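> Listed here are the chains, written in short residue letters.
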Amino acid sequence: MLTLRSLLRPTRFVDAHCDIPCGVYDPEQARIEAESCLRIIEKHDASDDALFRARCIHVKEERAELVKHHLDVLWHDYFKPEHLEKYPDLHDTFWKATKQASKVKQSLDAGAAKELLSMIDTIDEMWKSTGGLEKTRVNGRPS
Amino acid sequence: MSWRGALAVPLFAFGAFVAARRLVDVVEVRGRSMYPTLSPGDRLVLVRRGGAVRAGDVVVAPDPREPSRELVKRVASVGPRGVELRGDNPVASTDGRTFGRVPEAAVQWRATVRYWPVRRFGRIPPPPAHPELGGEDACTVPDALVAGDR
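Chain order of the listed sequences is A and B.
Per this note's numbering, the very first residue in the first sequence carries number 519; after that it's consecutive.
Per this note's numbering, the very first residue in the second sequence carries number 510; after that it's consecutive.
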């Protein structure tokens, strides 16, 4: 029925929109989190303290999730269709790397974490060869 | 009243409702680019444009970069090349500075009245005098304000 309530219910959203693309996209962000995963796995394996080991697992899962997030941002926001022409396997590379990050999240396998690092390095090469370094790093921060 | 008559009444009401929605509509604001004039969660009455688009109006128009999304912005100027839309909160607004002018025909709705939250009921205010100064950090709408409105 037509009630006052139904008349006042918004039919849709209107966006007071703001996107501020800062233009800083850097695989290093994902790499640091992935390095963190590897080191945490090593510390986990070296410890006998059940509580510490539990904390390691918790923190490693957080870090692995951040790897996925940072890779997703690079994938969605940095890479453009013209980069895909240059690297036809770009989507596949990202898909596999984010899957690998999931694997690192689920397991305590140091080998999986190392594999993730090398996948991020592959992405890093694509990023560098498409000018990501020059576009991103401020005042010649060392690479 | 015949059963036909009984059926006609709600049908007519429904038809009138649908027709009215083409002239008047209600929407909710999302995002902070119109702060302090509009805050996220504000609900507005829109009226279908009859005459010309005027500078200073708060209007709703599709985002030229992504037409499925509708933007709420203020008309900065109207010229032969189209309408320049700007947010009242320029540091937190993506607007004509990024996507250029939009055709006047794209501007179909004008925001007239805010009806929610009730304590800020009324006509949509004019732009802030010095939007670039913005009071506090204009990027951040105070949380208390947003929470209070919800």
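For the record, the hints were derived by calculation from the structure and aren't laboratory data.
Keep in mind it's a predicted model, so treat the numbers as computed, not measured.
Yeah, the Cβ is synthetic: ideal placement off N, Cα and C, and Gly gets one too.
Be a bit skeptical, because a hint or two may be false.
Unchecked claim - Away from chain B, derived, C-beta distances all over 12 Å, residues of chain A:
{"#": "1", "residue": "Q547"}
{"#": "2", "residue": "E580"}
{"#": "3", "residue": "L584"}
{"#": "4", "residue": "E643"}
As the list claims (entries may be wrong) - Each pair of labels, with its calculated beta carbon distance range:
{"#": "5", "chain 1": "B", "residue 1": "V622", "chain 2": "A", "residue 2": "D537", "range": "49 to 57 Å"}
{"#": "6", "chain 1": "A", "residue 1": "P606", "chain 2": "B", "residue 2": "Y624", "range": "47 to 55 Å"}
{"#": "7", "chain 1": "A", "residue 1": "K621", "chain 2": "B", "residue 2": "T621", "range": "49 to 57 Å"}
{"#": "8", "chain 1": "A", "residue 1": "D537", "chain 2": "B", "residue 2": "F521", "range": "16 to 24 Å"}
{"#": "9", "chain 1": "A", "residue 1": "T611", "chain 2": "B", "residue 2": "T621", "range": "46 to 54 Å"}
{"#": "10", "chain 1": "A", "residue 1": "R655", "chain 2": "B", "residue 2": "L532", "range": "47 to 55 Å"}
{"#": "11", "chain 1": "B", "residue 1": "A517", "chain 2": "A", "residue 2": "L522", "range": "21 to 29 Å"}
{"#": "12", "chain 1": "A", "residue 1": "K621", "chain 2": "B", "residue 2": "V622", "range": "48 to 56 Å"}
{"#": "13", "chain 1": "A", "residue 1": "E603", "chain 2": "B", "residue 2": "S577", "range": "21 to 29 Å"}
{"#": "14", "chain 1": "A", "residue 1": "H576", "chain 2": "B", "residue 2": "R629", "range": "42 to 50 Å"}
As the list claims (entries may be wrong) - Selected chain B positions facing chain A (in silico; Cβ < 8 Å):
{"#": "15", "residue": "V536"}
{"#": "16", "residue": "R539"}
{"#": "17", "residue": "S542"}
{"#": "18", "residue": "M543"}
{"#": "19", "residue": "A585"}
{"#": "20", "residue": "P589"}
{"#": "21", "residue": "R595"}
{"#": "22", "residue": "F608"}
{"#": "23", "residue": "V622"}
{"#": "24", "residue": "V627"}
> Quick one: which hint numbers does this structure break? Sort them smallest to largest.
Structure breaks hints 5, 8, 19, 20, 21, 22, 23, 24.
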